[in-house]
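Trainee: In case you want the letters, here they are:
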Amino acid sequence: MALLEVDALQTHFRTPDGINRAVDGVSFHVNAGETLAIVGESGCGKSVTAMSILRLIPEPPGKIAGAIRFNGKNLLEASDKEMRAIRGNEISMIFQEPMTSLNPVLTVGRQIGETLRLHQGLSAQAAEDRAVEMLNLVGIPEAKRRVKEYPHQLSGGMRQRVMIAIALACNPKLLIADEPTTALDVTIQAQILDLMRDLKHRVGAAIVLITHDLGVVAEVAERVVVMYAGKKVEEAPVHALFNSPRHPYTQGLLGSVPKLGSSLTGEATRLAEIPGLVPSLKQKIPGCVFASRCPHATDLCTAVAPALEEKAPGHVAACHYALREGALAA
Amino acid sequence: MSTAPLLQVNDLKKHFPIHGGFFGGVTAKVYAVDGISFDIAKGETLSLVGESGCGKSTVGKALLRLFPLTDGQVILGGERIDDMPAATLRPIRRRMQVVFQDPFSSLNPRMRVRDILAEPIRNFGLAKNSADLEARLVALMDKVRLPKDAINRWPHEFSGGQRQRIGIARALAGEPDLIICDEAVSALDVSVKAQIVNLLQDLQKELGLAMLFISHDLAIVEHMTHRVAVMYLGKIVEVAPRRSLFGAPKHPYTEALLSAVPQPTPGIQRQRVILKGDVPSPINPPKGCRFHTRCPYAFDRCRVEEPPLRPIHDAMGEGHVAACHLHDLPDAENPLAGAKGAALLAVG
Chain A
1 MALLEVDALQ THFRTPDGIN RAVDGVSFHV NAGETLAIVG ESGCGKSVTA MSILRLIPEP
61 PGKIAGAIRF NGKNLLEASD KEMRAIRGNE ISMIFQEPMT SLNPVLTVGR QIGETLRLHQ
121 GLSAQAAEDR AVEMLNLVGI PEAKRRVKEY PHQLSGGMRQ RVMIAIALAC NPKLLIADEP
181 TTALDVTIQA QILDLMRDLK HRVGAAIVLI THDLGVVAEV AERVVVMYAG KKVEEAPVHA
241 LFNSPRHPYT QGLLGSVPKL GSSLTGEATR LAEIPGLVPS LKQKIPGCVF ASRCPHATDL
301 CTAVAPALEE KAPGHVAACH YALREGALAA
Chain B
1 MSTAPLLQVN DLKKHFPIHG GFFGGVTAKV YAVDGISFDI AKGETLSLVG ESGCGKSTVG
61 KALLRLFPLT DGQVILGGER IDDMPAATLR PIRRRMQVVF QDPFSSLNPR MRVRDILAEP
121 IRNFGLAKNS ADLEARLVAL MDKVRLPKDA INRWPHEFSG GQRQRIGIAR ALAGEPDLII
181 CDEAVSALDV SVKAQIVNLL QDLQKELGLA MLFISHDLAI VEHMTHRVAV MYLGKIVEVA
241 PRRSLFGAPK HPYTEALLSA VPQPTPGIQR QRVILKGDVP SPINPPKGCR FHTRCPYAFD
301 RCRVEEPPLR PIHDAMGEGH VAACHLHDLP DAENPLAGAK GAALLAVG
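Read top to bottom, the protein sequences are chains A and B. In terms of UniProt numbering, the first sequence has 2 at position 2, counting the first letter as 1, and numbering is strictly consecutive. In terms of UniProt numbering, the second sequence has 96 at position 96, counting the first letter as 1, and numbering is strictly consecutive.
Just so you know, not all the hints are guaranteed correct.
The calculated SDA-like cross-link candidates involving lysine to any residue, where the alpha carbons are at most 25 Å apart (straight line), are [unchecked claim]:
1) B:K276 / A:G215
2) B:K340 / A:T107
3) A:K284 / B:K340
4) B:K276 / A:K284
Computed Cβ-Cβ distance ranges for the label pairs, DEER-style [claimed, not checked]:
5) B:R145 / A:A85: 39 to 47 Å
6) B:P91 / A:T182: 49 to 57 Å
7) B:E175 / A:I19: 29 to 37 Å
8) A:R197 / B:A315: 31 to 39 Å
9) A:T15 / B:N123: 53 to 61 Å
Hint data in this document are derived by calculation from the structure and do not stem from the laboratory. For every residue, glycine included, the Cβ atom is placed at its ideal position computed from N, Cα and C.
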């Protein structure tokens, strides 16, 4: 049994001008100890998916339907009290903005200790000792002094390390990281990604990594879900996705990022464009969500939504024309 | 390339005072840009790269004289513009235009696209009559591949990528020689970013524009630049033509930057240099080489003596300068001798 199973998740928002179908029937699973990346551009529903797993979406205006089974238990049916026992304990989350997601008026040690005191009933002193341990674990020097400092005294990279320390304090089984390195500089991003890889080996938590950066995906993920306009359009092991993407959107996405070193290998001088814009999520799209921008779209695509089909072992894509294994041209 | 550069910058400095204390006097200074020199030829793209806080945006704003300079010279087309009185400078501003990062805050929400684009044309008196103005507006919309009928719409009716096209059209309206792109594609989504990058490249070829491309995204920079200048803590540490910089980085900071960028190729084996710690504060930059606190190769000399920018031998091409003491060592002891780029980037 998978650690987390998301089944036909729908998160819709009621807005003054219609229902916004932010996530519209997304299914995936995460095995224990695995790293799954969810990629897509802004507005594709990747963050809403993450927030829905922890039920952080205010209802109303939001409405979550489907099933989210964690260790076999449907979180959508759990009571608020049960959810509180899970958040930060068995499932924890790292947010993008280390500036705004820490409390500015509490010391770092207190914020790490809070989850420990709440979930594990540690005393104030024991929680602080454990906070020092956690800061050491995430590689913050002089942890004893830092534990008494406030977020504004730390740099962006340090704050993100503190966020990770908070998230890992209770040894969660699942860690959801929503764009954990997007706000950071490249050299700091390299430090944090390195830390996440290292901690994964030591702590053994499964990770759901949400990002738009295909470079980060290639470096950390084992399996990838590609989302577009609230739908899952492709899912594959990381090598298969980058080497033989099946969905035209994934192909377009991969073609539109330049690779570092292109001037040395003399590769393509022009980036591939995906023409047009992401469609509005407020209108129901009868056919394929990508049809309006797809270079291969036909009448079939605008009329009938393609189902997710297994094109190769473990590799699914929602496209009428995506090639199956064996039929792959060139 | 022609002999005299279009833009020449000599020892540019910009220090911001920090006020404090009982009388509100200047208690410290932020050394945002601390003595940098470079030039840009006509039709050339020079990229300025570095991490946040290194002073790259300050350079762009200083060139545009959006604030007074602390020291240094800026020479545009043979004329010194850094000490020019505002009235004399005004017509010259036409020649240097800017595209900002955030397409949402850089367009006036109360002006129609028509007025946004017509403003520079009117300001600089470029149109002969109203028919000419109209023709120019239509041509601008066409240049940035926006539909002509969109000209009467408001900025909020456009997506981020389309707004950035409007921003580019506004920069082109003054018929500039140089466009400064300050993180012009950083805020855009991957697929839209590719559209704007392609547009900028097309326009540059079509109009022979020079470009100062300020960015932290090395893959995009490599894709569209001719030369690259790397900044760290208010100084330029390395300048080189594109192939030389990416193929044979000669400064440890450049090397670390290149190796830090995640590559969209799973499972590649590459040489990694992960820097320790954070960028020091530009209020109190380290003595000696500013990079020595994070440099994996720093030795005693780096802590006391600041290395000057000087030409470095590079088998990949001419015009490579870097500021690093390592190049005084014999090749066998110099970790940056030879071409390491391919190993850092895992290509080729």
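Trainee: Now tell me, hint by hint, if it's right for this structure.
Mentor: Verification of the supplied hints:
Distance hint between B:K276 and A:G215 is fulfilled; the C-alpha atoms sit about 21 Å from each other, no more than 25 Å. Note on B:K340 and A:T107: the hinted pairing is violated, with a Cα-Cα distance of about 44 Å set against a maximum of 25 Å. With a C-alpha separation of about 52 Å, the suggested pairing of A:K284 with B:K340 is violated against the 25 Å cut-off. Our distance criterion of 25 Å between C-alpha atoms is broken by B:K276 and A:K284, whose separation comes to about 50 Å.
For the pair B:R145 and A:A85, the supplied restraint of 39 to 47 Å is violated, since their beta-carbon distance comes to about 54 Å. B:P91 and A:T182 have their C-beta atoms about 42 Å apart, which leaves the hinted 49 to 57 Å range violated. Between B:E175 and A:I19, the C-beta spacing of about 48 Å breaks the proposed range 29 to 37 Å. The hinted range of 31 to 39 Å is satisfied by A:R197 and B:A315, whose Cβ atoms lie roughly 35 Å apart.
About 41 Å separates the C-beta atoms of A:T15 and B:N123, a value inconsistent with the hinted range of 53 to 61 Å.
When held up to the earlier numbered hints, the structure conflicts with 2, 3, 4, 5, 6, 7, 9 and fits the remainder.
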